[in-house]
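Enquirer: So the chains spell out like this:
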Amino acid sequence: MLLSEPLLRMEGISKRYGGVIALKEADIAIRSGAIHAVLGENGAGKSTLIKIMAGVTAPDEGRMLLGGKDVAFSSPAAANAAGIVSVFQELSLIPDLSVADNIVISNPPRRFGMIDRRAQRQIAEEALNRAGASDIHPSSLVKDLPLSRRQMVEIAKALARKPRLMILDEATSALTRSDVEKVFSVLKRLRSEGLALVYISHRMHEIAELADDCTVFRNGRSIESYPAGTKTDHQVVELMIGREYKSVFPAKPGVEANKAPVLSCHDLSWGGRLADITFDARPGEIVGVGGLDGQGQRELLLALFGVLRDIKGDVQINGRGVRLSSPKEAKSTANSIALIPEDRKTEGLMLSMTVRENLSIAALGSVSRNGIIDRGAEAARIDELLKLLAIKAATIDMPVSSLSGGNQQKVVIAKWLMNRPRIVLLNDPTRGIDVGTKQEIYQLLRKLADGGAAIIFYSTDYDELIGCCDRVLVMYDGTVVRTLEGDDINERELIGSALNIAARPAERRATP
Amino acid sequence: MTIGTSGKWRFWYELNKGTLLAAALFVVMFVIYVSNHPAGFTPNVVQTASNKAILLAFVAMAQCLVVITAGIDLSAGMVLVLCNCLASWVVVGTPLQTGFGIVAVLVAGLACGTLNGLIIIFGRLQPIVTTIATSAIFFGLALLLRPTPGGSVNEALADVFTSKLFGIFPTSLVVLVATILLVWVPFSRSVYGRAAYAAGSAENAAYMSGMPLKRAKLAAYALAGLLSAMGGLYLTFYSYTGEAAFASGNAYTLYSIAAVVLGGVSLAGGKGSAVGAVFGALAFRTIGDLLFVFDLDPLWQPLFQGIVLMLAIGVGSIGLARVRNRLEWFQ
Amino acid sequence: EPKVVSGPAADPGCMTPWASDTQFLQYPKKEGPYRIALANGYIANTWRIQMVKTAKAYAAQPEVKAKLKEFKVVSTGEDVPAQISAINNFIDAGYDAIVVNAQNPTAFGPVIKRAKEAGVVLVAFDNTLDTKDAINVNVDQKGLGVTWAEWLVKHLPNGGKILEVRGVAGTSVDTDRHNGITETLAASGKKFDVTEVVGKWDDSVAQKATADAIATNGPFDGITAQGGDTGVVQAMMDAKHPFVPFGGETENGFRKLCAAHAGDGLMCSSAGTGPAQVAVAIKTAIAALEGQVIPQAVKLPTALVSHPDFKKDQDYYPDQSDNFFVGNSFPTCGINFTAQEIMGQTKENQ
Amino acid sequence: MRQSIVPLRLRGRDPAVAIAFACILLLLLGGSIYSSNFLSPDYLLQQLKVASFLGVIATGMMMVILLGQIDLSVPWTVTAGAMMACAATAYGTSGSFLAIPFGIACGAAIGFVNGLAVAYLRIPSMIITLATNAVVQGLMVVYTGGFSPQDSATPAMRFLATGHTIPSVPNGVLVWLAVGILAVFLLTRTTFGRSLYAIGNRERAAYMSGIDTRRIALLAFVISGSLSALGGVLLAGYASKASQSMGDAYLLPSIAAVVLGGTHVLGGKGSYLGTVAGVILITLLQSILSVMQIEEAGRQLIYGVVIIGMLLLYGRQKPN
Ligand SMILES: Nc1ncnc2c1ncn2[C@@H]1O[C@H](COP(=O)(O)OP(=O)(O)OP(=O)(O)O)[C@@H](O)[C@H]1O
Ligand SMILES: Nc1ncnc2c1ncn2[C@@H]1O[C@H](COP(=O)(O)OP(=O)(O)OP(=O)(O)O)[C@@H](O)[C@H]1O
Ligand SMILES: [Mg+2]
Ligand SMILES: [Mg+2]
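Heads up: the protein sequence lines correspond to chains Y, C, U and G, in order.
FYI, our numbering numbers position 206 of the first sequence as 206, with every residue one higher than the one before it.
FYI, our numbering numbers position 175 of the second sequence as 175, with every residue one higher than the one before it.
FYI, our numbering numbers position 97 of the third sequence as 97, with every residue one higher than the one before it.
FYI, our numbering numbers position 251 of the fourth sequence as 251, with every residue one higher than the one before it.
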């Protein structure tokens, strides 16, 4: 299977960032007409590898052969010209430009030297159609689209360039299941058309469905390449993490039903986007929020965190009615809420500040007196957390931007734990995170719950909801359509209610 | 997929909201102005207003080009002054000489802008200090050219450019519209223009998408120099002389920023259009004109101008004060 | 379209011709009362504020007021085109005469043309216009430089080191005054070593520049400054620089210091023309409209006071602000405001 | 993970600051070729005194720039601070006593308006501060024209700017030192400082971390206004009087000083030591050029070229 001459071969690639070795003598061979999955933990060097393929960074050592000839790309444009196109993990869309502008961005159709807007619209519509996203209007601005739609645009953009080799770095991490299916059928069609595809994902079942070849990375080295299907999931994970691998999810101890709820929501509504949401969360409980992406889950968390204005309805914390007007109020000791936001780069982290500064930013109040920071107390708290979360950083005085994606996410979670919150809201915290880290996060959530916190956990990953949550609120169109509990939390019920198939019309009326 | 026309208008409106607001602001203010003017809405009054406003309009367009890339050009006013001084030497003589003179002035402006761009892009310096420094250089050159006010210009040509077409329509407005059509429209619809927007909106993403960022930014700065030079040329036409005026150079720079913001161009980059900036400049200039029609104590006039400017800015920000999702504050 | 006539002027005591070859003009008589406008440029400094207030006070005097239907003042800032436009607007709005303190003496060619076509009388003062088609109420800027330099030459018989504090670079006033100083010093035949710094007519800028000059090039034997003089003296005192002869402007603060330290060697010649020249300009405009004979260029007397003649409450006001300019009266023109009256009155302005 | 005694931002980690100080030495050595007086203690102390006005003003500017904003109302805030302080003396002895606090309070009020508009109405600072500048200018013109202004500095103001508490060290320098120490403390040791950097880095993330971003921004502008006014008070003390437009010469130099000192104009990055270096650089450069007998044109050219040269030496941003 690996015998045919590969389209792209990389040999002995090394790359270091200051003291950090991102890649060390990595090899990979990618052939046409196949999908090549790249697997590895966070920080294993996957993104760095594809950045080198795509001409974003140059390797320190090693060579790259495209169709048997030595190549070196000085810029993404050069790689594009050679037929290599990638969908980056960090989206590369321009928020203030329209979808159509973005899709044709590298080579817009021209007439008399000016961009031909009509032709551009056509190309965009075609590309969106091919990517299975014809619901996106080509004239809408990218910044007005939700994350999942943006990823679809990103894929359409890559398709519009008619590549020879297409790279997708966690391109489906924010997609809903139906989108994923559409994208998969597109990818399969491309494969049959003879394209070479590189696919990076932390979702094992996606890889099982798609991949023809696989390469596992660990600590910057390419550990092993093998044809898909020749190893069990278990073996793969062990290759990735380099140690034995046990069950992912911690056991659910079950909650005492008679405990007073720490957070209770009654008929919560906001504009046209949230309607009549009612639920309770008790200490020690992990409440999942499910449903298709963009059904108001994000708004619900923001509403609870004091970000939205003009909220109607009733929110009680410890039986006390509250009306929060800012995150500052939400995190105050009286309310003690924390929100792990969806987009770590813009809402979670100050990228160019150090890990230390990021960790203590939300808890400044508790490590300072009269506005003056107590550095001893700060350092002590940080030490405690670093032990708890095992964040991989050379020193905590380096900018958080130089951590890998997964470790950045851990910093976002850790910074809120500094506050010892009693209500933790999580907005898809495991997006783009490897299994090892995910496992740590699940364990951490359970530990927090056991410590008496109530956790509201929105996830786009059904396995997570099933494995972690004591209860799941399924949302549709801004309201909770079903609450699943116990054995009802299974994939069939979750998907059924997420699509709001009128399986149980009575339920809908029961939770008005 | 078919897209309804109403949908198309909605996107168009979203995109051009800032420009429309600026246009509305200008129209309202101008109507207040002419309806109180003793001479009324006559070609002369419009001509006077347009001759005065066009300088700022050019500098505002220049500023807009740079601001779109998330940069800023604090030397725009000094480029205008420098080009004014240069023009007062070279835009004279036979029609041919005059023509060459005009070209020389425009090339000089282009060169100033290019210098800014080269330093900022290849020196990787922050635009704000770079242009503070180059503005000192440009002013120094202007002083070398004109240690004292003076010089002259081809008066026949100057009169043509500041008079009325067919006795009704101000030539300066025609030149302004022509400049928009010949400079702004091609630029904004070219690959470089798009890359300029992208650079302002999300530079890293634009780099990843393989856009020609450096050339786009260079083009923006260079064209900004050219447009400021147009302003300098017009200053010469309107005043027949050159003067190395430090204060007015700085004033034009600051006013151009105000005009750009009034015109709905985001200082964070990536948003807005030169047409909006032009309306912003016209509106800003009308604030000064209002002094003429209202009978204010002379000592209260500066205060009046300040307050009207504040109100105009306030109008533009009404929408933001009342968002329902507080995260929208941070866009 | 004024007629060129032979002199003298109707009011020869006030309207002295600039030079012997200055033309005398007679505009066609218009029926009063008149609409007169003042197109000012920059406003935010004390000189201009004082000037605008003097203009208003002059126009409010009963005998002047009787001749005026309207007196309007507009300040357009530093920007020349704005001032040109203001004048255009005044022409379009049918004003009879426009008085202007020009931001730039050479920039008003097109407007002068228009004013002439429209039969509007244009009178420039302070920063006058380089033209024969408008009436100039002139300050002899170069002559001021000459006065100051002559003062220094007189007190430094053996020449010496001079500090010259200049004004705003690129303006004609600065250049004229500088040329007057330079030429006079050169013509004296003595050896003068001049250090130039830029004070921008601003006290704190001048003070800093002077302090630096003293620290690096000092001490000096004489000083001349064309503005910001209070700051210059302040810098001398801060640096404990010995007091030396000083030729300077007419700021009240400067004169206060000159009077206070006359005994210590601060011998000053303080010369300039106060903001009241606006009143002369208005008076000239009215005379032109009334069809009287006037010179095309009026020469203003300079208010010159030199050591040891500084008289309290006449040449300087110890209790008043440092910032205003003394010399606010032109007795021969019947203009007798004291600076104190103008800047000191609060009620009049309410 | 032991903490070093020296605060992180002051540790000599930032090469820009070191190079900036090297540039200062270079400038002095270059100047001494022209006149050996440039190295005399008298001259240097005098430069420090003059630098202290810019230094105080630039401190406020730096806070605002760290926030990712800018304060263009500096010129007339400086003037208003000076004029209002002097004006207070019209109200007898208690007026003279309160002159300095009153001047600073006026600056704080202007900063408050700026801050309110920027933080609560979300108007871009670059334009609203331009507008407040115009309004304050208008107010000062009205005031000067209408109210028989008192504009001599009080002895206390004179003392604050030019007096000596420590022999031969002007008090102005001590004021700057005090302001500087306070600023370093604020920036490195307090929640306010941390929040300032956080907001400058990414306001959205700072807000979501529960920082009251609006209050911090408001405070930064109030500080900037107050310090501008304090600069004006010092300047009035130095000149022994207040006058119109005395602040005009401080806007662009204060921005240039902050940025020359390595602070990022878009906020979030910068050290106070860098600002100190920037202030001294700008002051020295202006002073040396002022006394060299070159035409103004030449001075401007050299000023511009030297600033760009220095920036190219160390102000380059990382490749993106
Ligand atoms: N610009 C950079 N500066 C410093 N270190 C970097 C930089 N980019 C990557 N690294 C480091 O290189 C290593 C490999 O990172 P890379 O992004 O390739 O990992 P990854 O496999 O993509 O991880 P993830 O699954 O989290 O995306 C990490 O330790 C990371 O911290
Ligand atoms: N050559 C380059 N040109 C432009 N930007 C670069 C270059 N190298 C790195 N970057 C940028 O530096 C930052 C850090 O790099 P990188 O994305 O590899 O870090 P990371 O933490 O490993 O990310 P992740 O693991 O989430 O993929 C990113 O914003 C990246 O875009
Ligand atoms: Mg990655
Ligand atoms: Mg990574």
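Don't read these hints as lab results, they were simulated from the structure.
From a predicted model like this one, the values you see are computed outputs, not experimental measurements.
Where a beta carbon is used, it is the ideal one built from N, C-alpha and C, also for glycine.
Be aware that one or more of the hints could be misleading.
[To be verified] Partial list, computed: chain U residues near chain G (C-beta under 8 Å):
1. E1
2. K3
3. V5
4. S6
5. A44
6. E78
7. K116
8. A169
9. S172
10. V173
11. T175
12. D193
13. T195
14. A213
15. T230
16. D322
[Said to hold, decoys possible] Calculated lysine to any residue pairs in the SDA-like style (CA-CA distance at most 20 Å, straight line):
17. U:K312 to G:R158
18. U:K56 to G:L312
19. Y:K328 to G:L312
20. C:K214 to Y:K312
21. Y:K312 to Y:S326
22. G:K269 to G:A297
23. G:K269 to Y:P399
24. U:K113 to C:K214
25. U:K142 to U:A19
26. C:K164 to U:A19
27. G:K269 to Y:D397
[Unchecked claim] Output of the computed footprint for chain Y on chain C, the stretches with three or more beta carbons under 8 Å from beta carbons of chain Y:
28. 120 to 130
29. 162 to 169
Enquirer: All the hints need checking, so say for each whether the structure fits it.
Expert: Quick rundown of the hints versus the structure:
no.: 1; hint: E1; result: violated, 38 Å
no.: 2; hint: K3; result: violated, 40 Å
no.: 3; hint: V5; result: violated, 40 Å
no.: 4; hint: S6; result: violated, 43 Å
no.: 5; hint: A44; result: holds, 5 Å
no.: 6; hint: E78; result: violated, 11 Å
no.: 7; hint: K116; result: violated, 33 Å
no.: 8; hint: A169; result: holds, 4 Å
no.: 9; hint: S172; result: violated, 14 Å
no.: 10; hint: V173; result: violated, 14 Å
no.: 11; hint: T175; result: violated, 11 Å
no.: 12; hint: D193; result: violated, 10 Å
no.: 13; hint: T195; result: holds, 7 Å
no.: 14; hint: A213; result: holds, 5 Å
no.: 15; hint: T230; result: holds, 7 Å
no.: 16; hint: D322; result: holds, 5 Å
no.: 17; hint: U:K312 to G:R158; result: violated, 25 Å
no.: 18; hint: U:K56 to G:L312; result: violated, 54 Å
no.: 19; hint: Y:K328 to G:L312; result: violated, 42 Å
no.: 20; hint: C:K214 to Y:K312; result: violated, 50 Å
no.: 21; hint: Y:K312 to Y:S326; result: holds, 16 Å
no.: 22; hint: G:K269 to G:A297; result: violated, 35 Å
no.: 23; hint: G:K269 to Y:P399; result: holds, 12 Å
no.: 24; hint: U:K113 to C:K214; result: violated, 48 Å
no.: 25; hint: U:K142 to U:A19; result: holds, 14 Å
no.: 26; hint: C:K164 to U:A19; result: violated, 40 Å
no.: 27; hint: G:K269 to Y:D397; result: holds, 15 Å
no.: 28; hint: 120 to 130; result: violated (count 0)
no.: 29; hint: 162 to 169; result: violated (count 0)
The structure fails hints 1, 2, 3, 4, 6, 7, 9, 10, 11, 12, 17, 18, 19, 20, 22, 24, 26, 28, 29 (numbered hints given earlier, in ascending order).
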